[in-house]
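All chains should be modelled from the sequences, with the hints used to inform the complete structure.
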Amino acid sequence: MAVECKIFGTLRLASGIDRLLLDIPEKSVPLRRILEELGQRKGLDELKKLAQNRNGESLPFILLLQGKNVFDLDGLETVVKDGQRVSIFPPSGGG
Amino acid sequence: MGVSGKTKFLLLFLRISTKWQMSIREEISFIFKNVPLSNKGKRRPCYLSLPTVYLDEWRLFIYKLIATLNRQRQEVKAVALAKIRILNVDLSTGGTNIQELDEKISKRYIGGRGVGTYLLSTILKGDEDPLSPENPLLFATGPLTGTTAPTGGRYMVLCKSPLTGLVACSNSGGQFGSELRRTGFDVICITGRSDSAVYLYVTDGLVEIRGAAHLWGLDTHETTDSLKEEIGSDSVKIACIGPAGEKKVRFACIINDKHRAAGRSGVGAVMGSKNLKAVVVKGSHRPEPHNRDRFMEIVKKRLEILKSNPVTGQGLPSLGTKVLDNIINEHGAYPTRNFQTGVFEHTDEVCGEALVEKGYLKKNRGCYACPIKCARVTSLPTGNKGEGPEYESGWALGAAVGVEDLIAITEANYLCNLLGMDTISCGMTLACAMELYEKGYIKKDELDGGPALRFGSSEALVFYTRQMGVKEGLGKRLAEGSLRLAKSYGASELSMSVKGQELPAYDPRGVQGQGLSYATSNRGGCHVRAYMIAPEVLGIPEKLDPQATEGKAQWVKIFQDLTAVIDSMGMCLFTSFALGAEDYLDILNGFTGHDYTMEEMMECGERIWNLERLLNIRFGLTADMDTLPRRLLHEAMPQGPQKGHTVRLSEMLPEYYKIRGWDNDGIPSSKTLERLDLKTV
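Here the protein sequences come in this chain order: A and B.
Using our numbering, you'd call the opening residue of the first sequence number 1 and step up by one each time.
Using our numbering, you'd call the opening residue of the second sequence number 1001 and step up by one each time.
Do not rely on the hints blindly, as some may be mistaken.
[To be verified] Derived coverage of chain B by chain A (criterion: at least 3 residues anywhere in the stretch with Cβ under 8 Å from a Cβ of chain A; other residues may be distant): (1) 1317–1331; (2) 1571–1582; (3) 1596–1606.
Please keep in mind that the hints were generated in silico from the structure rather than gathered at the bench.
Where a beta carbon is used, it is the ideal one built from N, C-alpha and C, also for glycine.
What follows is the structure in structure tokens.
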């Protein structure tokens, strides 16, 4: 399956990656797996740490699946399917 | 170093008052015999010759001397700062006086926004025209303004708003607020109207009203530069209006330090109506904490929290507030083309990341005592330089008007700063005009030869921004704001405003609590009275479901009350991404020496909120104004992640009134007023 990953904020500035298409053999995977894959890349190693974080209650990152915050879904266990879009933001604020 | 015989002397030169000289004489004679000390007259220079052979004694002496001087300075300040001092200036008569606020009132309203609102309530009867001499204009600092507290440089401008007819209360940073506090005045209250253009020059305990005819017509940068040159000092701090304020554009702002704005609700127009071009401040009184050591400890701890927090320590410094463009757009709540949709297809071109990648961002800059430093210093390939755009400005002059050209957006932002206009109301009034034009209300011949008012037109953006600021052509009508403009065409539903003030950069159809926050804000459409985006979108301090309505009323109330406290203290709201209510309590008590409990502090916030409400009711506010534009309540979001949603305000508003202790008409009950000591208002 193919998942569109969009990277923003300081992560994007650090990695130079703004979006990439992730090709995964499975038909659907938990979001945690996507983060592990992305975490292999230079500048995105924070995502690997995030994927290893078992404490889903306090996600410091903003992770959207199809524009919906995964915290309002199943956190890092949220199932991602073929053709869906994941948006990843480091902790952010403004106003 | 002097030499006399075989003994070397260190010659110390001091310029201190006789009183101090006398008080250190004892110390000196204790350590050295026969040390010469001049004591003729007041504040005369005195020379101390200290024999260097007694180096250890000498060192001890210096330490003691410094301690003595410090102790005396602290005592002097402690007396000076015990009460909030208000400088009253009547521009009609030229009269000035100094008023000290009752300590009971200071404790009840903290300072800044709270004390300013209290003062407004004592001056305004209710039916005053906001642009008449009867409307006072207040510059109010808080107890933490000008101190070492992180972001302790904020001040408030208050008056009755010419845009909404309700309370105007605009916050700004930079260096002006801290310098104002150092003059020894906490608040400047300006009433009346001068016959000719003037500016105020406020220094340590003194005020002068000076002619400003030569400055009238200048933009905010020219005004600032001219005043610095005229006064002959680069260190004076200046808040001024541009042409928009002079011409009383209803959403004109006050610009301080060239790039910081008391932006919203038209405070600049009120300043213009008084023929007041600028306020210049320069002071040397450093506000002293009640207990210096304890306060330093408290500050140090909070600085560490702010620096290590990923939002205030990393996100905001590197990308500024514009880090939000993509977050809000991906969330589907990025208001596009006058809130017709919540997804802007060109966000990639205009976002904070693009500002960095295109090379327009040169560096970040901070306000007084700020560890976050979110301001953007930018320069464009056109050669123009300035600060911004921030998230709100970049959106209002970008997605809101459908413009994807980051250069045009930034140019329009610079123009707003130079002319002295609120970027949000400017962009959203233009967005309203574009919809009016595209729907056939505004006819081509009304454009006075200007470019077509089409969404996405960079040319129209820059052209009409200027026209609004100088009130020329169609700009005269745009300068009235979106509600008056749309009403004049019989289409007030196209004004995306609450209580007459244009909405900011979050479509509440995707963030229900923010919808309630907009509808109940005491200054109309505004995001910084209760920033529900933090919990509903960013997950700070905890993540709430943005489409849930249950429990949101309580959240909005707490956020509104805490924000009132932070604003009144003189700190920046952005600290609340990392700090909690306990931190503010510690800082407030640590500096003032008061012993607020958490309940008491939050009650101050609640009191301020209710006083603003009472003032608004006095100004004619009714419960039916606690609402949102028709579009947001009845037109479902057409696309994106929030597709199909409207704001379910009726599920939240009655609960909000109940939690507030207000009746069904949104009026605080007598029980609530009694509890908050507001019975006499």
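Each hint, compared with the structure:
1. 1317–1331: holds (count 11)
2. 1571–1582: Holds, because 3 residues of the region 1571–1582 of chain B bring their Cβ atoms closer than 8 Å to Cβ atoms of chain A.
3. 1596–1606: violated (count 0)
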